[in-house]
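Trainee: Sequence:
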Amino acid sequence: MIRRKNQSAEKWKALRPGEKGKAITMKQRSWIGPAAAVLIPYGVFEGLKAAGSADPMLIMPRGHFYIVSAVALLALALAVAVGIAGRRLRNGKVGFLALSFISLASIFAVHGLSTPNFMIHASHLPAVSSQLSILLASLWLWLSSLPSDDPFVTFMSRPGRWLLPLWTSVLLLLGGAGLLFPHAVDFIPLDIHPLKGGVAMVTILLNGVTMYQYYQSYLYSRFPLQKAIVYSCGWLITAQVIIIRGEAWRASWWLYHFLLLGSMLVMLAGLYRQYASRQSLSGAVRALFTNDPIERVTNSISPSVQTLMASTEQRDPYTAGHNFRVTLYALKLAEELQLRPDELRALAQGTIVHDIGKMDIPDSILNKPGRLSPSERAIIETHPVIGYERCRRLGFLPEELGIIRSHHEKWNGGGYPDRLTGEEIPLMARIVAVADVYDALTSRRAYRQAMPHEEAMAFLEANRGSHFDPACVDAWKQVCGRDTSIYEYPLKVLGERVPGAVLKGAG
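The sequence shown begins at 1 in UniProt numbering and counts up by one.
If you are wondering where the hints come from, they were derived from the structure by calculation, not from laboratory data.
Glycine is no exception: its CB is placed at the ideal position from the N, C-alpha and C atoms.
Hints should not be assumed to be uniformly reliable.
[As the list claims (entries may be wrong)] In silico DSS-like links for lysine-lysine, alpha-carbon gap of 30 Å or less: (1) Lys410 to Lys477; (2) Lys196 to Lys368; (3) Lys410 to Lys368.
[What the hints assert, rightly or not] Computed Cβ-Cβ distance ranges for the label pairs, DEER-style: (4) Arg482 to Ala458: 17 to 25 Å; (5) Asp363 to Asp483: 22 to 30 Å; (6) Ile84 to Thr154: 19 to 27 Å.
Generate coordinates for the entire structure from the input sequences, incorporating the hints supplied.
Mentor: See below:
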């Protein structure tokens with residue numbers, strides 16, 4: 001039997017490097033879309049400019065007005081949709097997202113209405129308003145990407161639900177004043193260097209940071225609106241570059257208007273897909289910015305994993321609740337170890353079903369109150385491989401499979417199924433091993449009482465370096481010592497099982 005396990009371990013070790021390489025390649029490919037969205041239109045712009053004859057003057061004031069109006073109306077629709085959700089949720093970051101869209105809608109509408117010789121005479125207002133609209137939209141988008149506890153976010157959130165109407169009023173007053181007195185903007189030379197270049201650099205920097213922040217969140221949660229914001233910010237960057245490098249009315253100059261139109265269409269598509277997956281506008285937007293640990297788990301898991309969770313609950317409610325609590329603990333431990341967002345997502349996906357193989361283990365063994373016989377122990381030790389094979393056929397990623405297969409391995413090589421030792425055990429499996437045993441000790445079963453937190457921590461410490469990775473035990477001690485709610489919250493909210501409502505909330 002040991003020989004067979006060793007052969008299995010060799011097979012598993014041989015597979016992991018290639019699978020890891022495949023996972024890294026997939027992650028790298030996920031950047032191709034956003035990068036192409038930025039570089040391709042910029043390449044077209046530079047190509048038209050360089051061609052000369054292929055970049056004719058296209059002076060069409062009426063067409064300009066209609067394109068700009070379409071952008072403004074789409075931005076307004078987004079602002080209304082997200083603003084309504086923001087008022088219901090009382091979430092400042094949702095409000096910032098709405099403020100970004102209303103800023104673009106209001107100021108870019110001024111850009112359209114001030115089209116030279118369409119409604120008013122030629123002035124600096126169109127150039128100033130185009131720069132200002134993208135700058136303000138980028139500023140609020142950047143604020144929406146910051147952590148909820150950021151001091152600046154806290155400060156800007158103080159007006160609460162009054163912030164959106166107050167800012168909208170300011171924009172309307174400024175826009176109206178600009179249209180009534182278009183030459184008054186001459187003292188704001190946003191269309192003249194060096195201020196023009198400075199504003200452009202700030203806008204590009206804000207959008208670059210926002211792209212990165214939302215992309216990191218997307219790697220964890222895979223929400224359509226997060227991905228849409230990444231693409232939209234990329235097009236805002238390209239549009240800003242075209243504004244400062246393009247010549248008005250040239251074919252190449254028109255590109256930035258279509259990029260802004262595409263940016264809003266992508267945002268609307270992302271919001272629609274997010275809404276379709278949540279069946280509620282408020283729920284769709286709330287999912288982007290939730291701080292609740294249970295929502296973070298249910299929001300990030302895929303439909304196939306949700307199905308497995310539901311199956312587990314029907315078969316064994318205790319195991320479903322145990323899986324859920326272990327996931328919450330493991331995520332906190334992993335954050336302490338500074339795992340990346342994509343790694344946290346993989347951790348959540350693998351941990352939430354880490355005991356899925358127990359569905360094939362008889363109840364008489366799973367719930368036996370006394371010590372297991374050698375034959376019963378051999379049966380229960382098959383559950384990691386059973387779960388691994390099941391999830392491998394379902395297309396789980398290598399990191400997720402490593403959790404399912406290796407969470408019962410021990411640091412000293414005395415675990416199962418593959419007798420891995422030390423760092424041969426995948427890091428995520430080592431994390432889950434600590435969270436798994438901690439929850440098993442502190443949860444009440446029909447045949448035994450729950451162990452107090454202090455006793456469970458003493459057990460982990462006693463087995464540090466033999467059963468558990470010392471770094472993981474140390475990290476868990478630091479997490480629990482810093483905030484008792486980390487280990488109190490899951491049991492208080494979930495109890496000994498996962499309520500059906502929690503699982504339904506994941507859909």
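Trainee: None of the hints should be skipped; say for each whether it holds.
Mentor: Evaluated hints:
no. : hint                         : verdict
1   : Lys410 to Lys477             : 19 Å, holds
2   : Lys196 to Lys368             : 74 Å, violated
3   : Lys410 to Lys368             : 24 Å, holds
4   : Arg482 to Ala458: 17 to 25 Å : 19 Å, holds
5   : Asp363 to Asp483: 22 to 30 Å : 37 Å, violated
6   : Ile84 to Thr154: 19 to 27 Å  : 23 Å, holds
When each numbered hint is compared with the structure, violations occur for hints 2 and 5.
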